[in-house]
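In order, the protein sequences belong to chains A and B. Residue numbers for the first sequence follow the numbering used here, so the first one is 1 and each next one is one higher. Residue numbers for the second sequence follow the numbering used here, so the first one is 1 and each next one is one higher.
No lab work stands behind these hints, which were simulated from the structure alone. You may find that some hints are simply not true.
EDC-like mimics (lysine to aspartate or glutamate), calculated; alpha carbons at most 16 Å apart, straight line [stated by the list, open to error]:
no.: 1; chain 1: B; residue 1: Lys221; chain 2: B; residue 2: Asp204
no.: 2; chain 1: B; residue 1: Lys221; chain 2: B; residue 2: Glu209
no.: 3; chain 1: A; residue 1: Lys264; chain 2: B; residue 2: Asp96
no.: 4; chain 1: A; residue 1: Lys264; chain 2: B; residue 2: Asp95
no.: 5; chain 1: B; residue 1: Lys236; chain 2: A; residue 2: Glu4
no.: 6; chain 1: A; residue 1: Lys264; chain 2: A; residue 2: Glu300
no.: 7; chain 1: B; residue 1: Lys236; chain 2: B; residue 2: Glu188
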Amino acid sequence: MQQELFEKRYQDQWSEFDQWLSIDAGANATTVKPGFPTSELPQRYRQLARHLALARDRQYGSELIARLERLVLAGHQLLYGASHNRGGGVLFFIRQTYPQLVRTHWRSVLVASLCLFGPLIVLASAIQFVPDIAYIFLSANDLANAQQMYDPANRKLGAGRDASSDVQMWGMYVWNNVRIGFQCFAGGLLFGVGAIFFMIFNGVNIGVVAGHLTQLGYSETFWGFVAGHSALELGGIVLCGAAGLQLGYALIAPGRKTRLESLKASTPDAVGILYGAATMIFIAAFIEGFWSASRLPPVELKYAVGILLWFLMLTYFVFAGRTYRQKNKGASNAS
Amino acid sequence: MLDTPRVIATPEGVELTLNIAGVVARARAWIIDALIRFVFYIVLGTALAAFGRFGMGLFLVMLFLLEWAYPVLFEVYWKGATPGKRACHLCVLHDDGTPIGWRASVTRNTLRAVDFLPFCYGFGLIACLLNRDFKRLGDLAAGTVVVYVARRSKPLFSANQTQAGEVDNLAMDEWRGFTQPASLLLNEQRAITNFAERRARWSDARAAELAAHLPQLLSGKEGAAAVARLLTLARKITGKRSEGVASNISDNHIKIVG
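Next comes chain A alone, as it looks inside the complex (with noise of 0.2 Å):
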């Protein structure tokens, strides 16, 4: 068949299709009637490539190629793009597959945990006994504004001497640690070399602070402001990180796959941590901006807080999202 035939065959049905889809798009949706049922989209979709096919097997002119081409992109983009709810919304999510995801992931949580709370624990404790330690990590500088934060002559705690709004900080902990966590993210790109580095880095820079100023005697301001929100904030780095580690570990083991193949397959889970971990930091800027800070309730209810945030959040993902499984098992054991 010539082509000019071939145009003038089907040319309404490549416009009628054309309209569709422009109608699809929003354009004046109310005022257009589409020439065919939604219902018929994939029987003529599958005949536009099939004249598609056509044409190229033919050698018909580009222009006539190029139009079918678009109309069979647009068509496959809304069959098979078409966005499906997977796993049935936030809730679920919550309930269900993050403490899953989190869990069977455990591996690069530890390794995450050792990276961060290692250097933490070590040089906090160290400093007690040799004070001078804090010196070769942090400049005198640092270590005096850090002192000052936690002065506890201060009406408002971990903000310099003038007492700033509590929105303030509250804008400049989101800034900058949901920041740091993607960076640690981010960073497992690097063969995971990026997300071990600024874990180590964080782990350092906490762990120093927190020796000095125990070590001063300033433990009641420190320890008090900081309790509140530590769980989710150092928990969400950690998942951060974690999630970081799923990617470099993709590229350094690769297994079977080539590294490339490797790396999309880590991205769906690491990032489904990245999600969580992102908001457990989010919410710790509120806790920090607006809890943290206040020097009203007494440090021991602080403390208490703390240790409840700590005991929840183990306990979520320790134990959450199990109770899908059980059943399951029940099913199989009567059957």
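Once you've looked at the hints, dock chain B against the given chain A.
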């Protein structure tokens, strides 16, 4: 291997071509986006400055949300394009040509942090130049490509309609006596129809210059006459010849070429 189109196979057995966008087009889109955000920050900052430290805090939170969520929200909800990409006729798709979803968008935009290292998208640029789809690291991990959006083409048959006048200038007897050289291969025929399709975009002189590349088909004609002759040939190839015979071929017999 030097060309940029990327071919994806569909379940229907046809192959679709995506036109991959290069580094420069993407950088341009990024700069436009950066400017848009910058202007927005200035406006927002000025407005919130009135609220002192409270406003400062809100500003930082907005800054955070915009900086990280701006590309993700636009890519997911606006057909894979931020305003900058849209202005440059680009969009982000999954590797298989489907529209980008949340997971891929979050991945590629969070990993910007690495692409940006050591400064000004250094790693991203190196990664782009090392693979044939111009993917930065975030695209590699997320399985996404940045492509040119196919623009709506001009009305069909422009080749045959707009040059009708030019062809009609030929004497009728020449038109009737015109025979197609039997030895033209499919891709040679294709070249001639492409010539006809693109004729409208060239000046007369340029068209004549291009036509002169095929002296064996022009039987000694030059200039406008040579162009007209090629256009006539294109019309013959695309359908003016032996319509009756051609229409007997059924379109239901499809030959799918691997």
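Hints, verified against the model:
Straight-line distance between C-alpha atoms of B:Lys221 and B:Asp204 comes to about 15 Å, which keeps the hinted pair within the 16 Å bound. Under the criterion of a C-alpha separation no larger than 16 Å, the hint pairing B:Lys221 with B:Glu209 is consistent with the structure, at around 12 Å. Restraint check: the Cα-Cα separation between A:Lys264 and B:Asp96 comes to about 13 Å, which is no more than 16 Å; the hinted pair holds. For the hint linking A:Lys264 to B:Asp95, the alpha-carbon distance of about 11 Å falls within 16 Å, and the restraint holds.
Taking the CA atoms of B:Lys236 and A:Glu4, the gap is about 10 Å. The hint holds against a cut of 16 Å. With a C-alpha separation of about 47 Å, the suggested pair A:Lys264 and A:Glu300 falls outside the 16 Å cut-off, and the hint is violated. Proximity of B:Lys236 to B:Glu188 is assessed by CA-CA distance (about 14 Å); at most 16 Å being required, the pair is judged to hold.
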